[in-house]
Amino acid sequence: MTVINGLPAHVLFVHAIVILAPLTAVLEIICALWAGARRGQLVWVTLVLAVITAILTPITIQAGNWLYDLRRSPDAILQEHAELGDTMIYFSVALLVVALALVALRYAERRDNSRRVLYNAIVAVVAILVGVASMVQVYRIGDAGAQSVWSKEIAHLTSTNKG
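Read in full-length UniProt numbering, the sequence shown has 140 at position 140, and its numbers run on one by one without any break.
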């Protein structure tokens, strides 16, 4: 599954990760900070998105590695993109763990627990840290990938259109 309809699968899958990972991160932060969102249906949407992100991430990485291996001598920015991309699995798994913690917190809040405030605070801090880190990593990976694909193309287009 390295090519879909004539296009590299990585190019298609990466768009899902670029949307789903930050969306999941934002929803986790909302659910962590707003108990009403956690008690409603948003926590379940967040969990489903985290599961999808965790499933798609290794598929996207594998498709990217296939595409990378087609290059005879990848440049430094493409190497950086590949190395950063390989780390995304850790962020996707962390998003899934936070989503599961939010579901657990949802059920723990139903019980009269003296440590509920502590649990809420811990989950909120972890959700914010994981969420922000995931969004930053998606940006870093995407920026390196876009630079590797488009920087030479833009330079070529601008140089040929000057005359």
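Hints were generated in silico from the structure; no laboratory data involved. Using N, Cα and C, we set each Cβ at its ideal position, and we do this for glycine too. It cannot be assumed that every hint is accurate.
[As the list claims (entries may be wrong)] Each pair of labels, with its calculated beta carbon distance range:
1. TRP66 - VAL45: 26 to 34 Å
2. THR87 - ILE19: 15 to 23 Å
3. GLN62 - LEU157: 28 to 36 Å
4. THR2 - GLN41: 19 to 27 Å
5. VAL11 - ILE89: 33 to 41 Å
Evaluation of the provided hints:
Take TRP66 and VAL45: their Cβ atoms lie about 32 Å apart, and the range 26 to 34 Å holds. Checking the proposed 15 to 23 Å range against THR87 and ILE19 shows it holds: the Cβ atoms sit about 19 Å from each other. For GLN62 and LEU157, the Cβ-Cβ distance of about 31 Å falls inside the hinted range of 28 to 36 Å, so the restraint holds. For the pair THR2 and GLN41, the supplied restraint of 19 to 27 Å is violated, since their beta-carbon distance comes to about 37 Å.
Take VAL11 and ILE89: their Cβ atoms lie about 19 Å apart, and the range 33 to 41 Å is violated.
Consistency with the previously given hints fails for numbers 4, 5, ordered from lowest to highest.
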